[in-house]
Amino acid sequence: EENVIQVVTDNAANFKAGGELLTLKRKNLYWTPCAAHCIDLIFEDFEKELIIHQVTIMNARKLTTYIYSRTMLITMVRKFTNGRDLIRPAL
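Using our numbering, you'd call the opening residue of the sequence shown number 1 and step up by one each time.
Take every hint as true, because none was put in to throw you off.
Computed list of lysine-lysine pairs in DSS-like fashion (alpha-carbon distance at most 25 Å, straight line):
id : residue 1 : residue 2
1  : 16        : 48
2  : 27        : 16
3  : 62        : 79
4  : 48        : 62
Pairwise CB distance ranges, derived in the manner of DEER restraints:
id : residue 1 : residue 2 : range
5  : 81        : 13        : 39 to 45 Å
6  : 59        : 39        : 17 to 23 Å
7  : 47        : 67        : 19 to 25 Å
8  : 35        : 61        : 20 to 26 Å
9  : 29        : 69        : 45 to 51 Å
10 : 4         : 74        : 40 to 46 Å
11 : 47        : 82        : 26 to 32 Å
12 : 2         : 34        : 21 to 27 Å
13 : 81        : 9         : 30 to 36 Å
14 : 16        : 78        : 37 to 43 Å
15 : 52        : 21        : 40 to 46 Å
16 : 5         : 81        : 40 to 46 Å
Read the hints as simulated data drawn from the structure, not as lab findings. Glycine included, every Cβ here is placed at the ideal spot set by N, Cα and C.
Produce the complete structure using the sequences and hints provided.
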C-alpha cells in the first residue's frame, strides 16, 4: 500500500466514491479518471445530441461491415492502406 501513489479507474459513480474514500484514507494517494473512458463518454454525448453523428456512425458501421464481409474488398483496402485495417465505429 505504501508504494501505490495513483489509482486510475473509469468514471462510474462507484469508482468515484471508492477513489474519494481511498484519497481520504491515504493522503499521498491520487485517484485519476481514465482518459479513454472520459473520451468515450464525450463521444456518447455527441452521438446523443447531434443526429448527424448518429447517421454518420450508422453509415460508417454499414460501410465497414460491408467491406469486412467481402474478402476481395478487404484485400484491396489493405493493399491501398499498406496493410492497415479500417477503424470500426464502436459507439
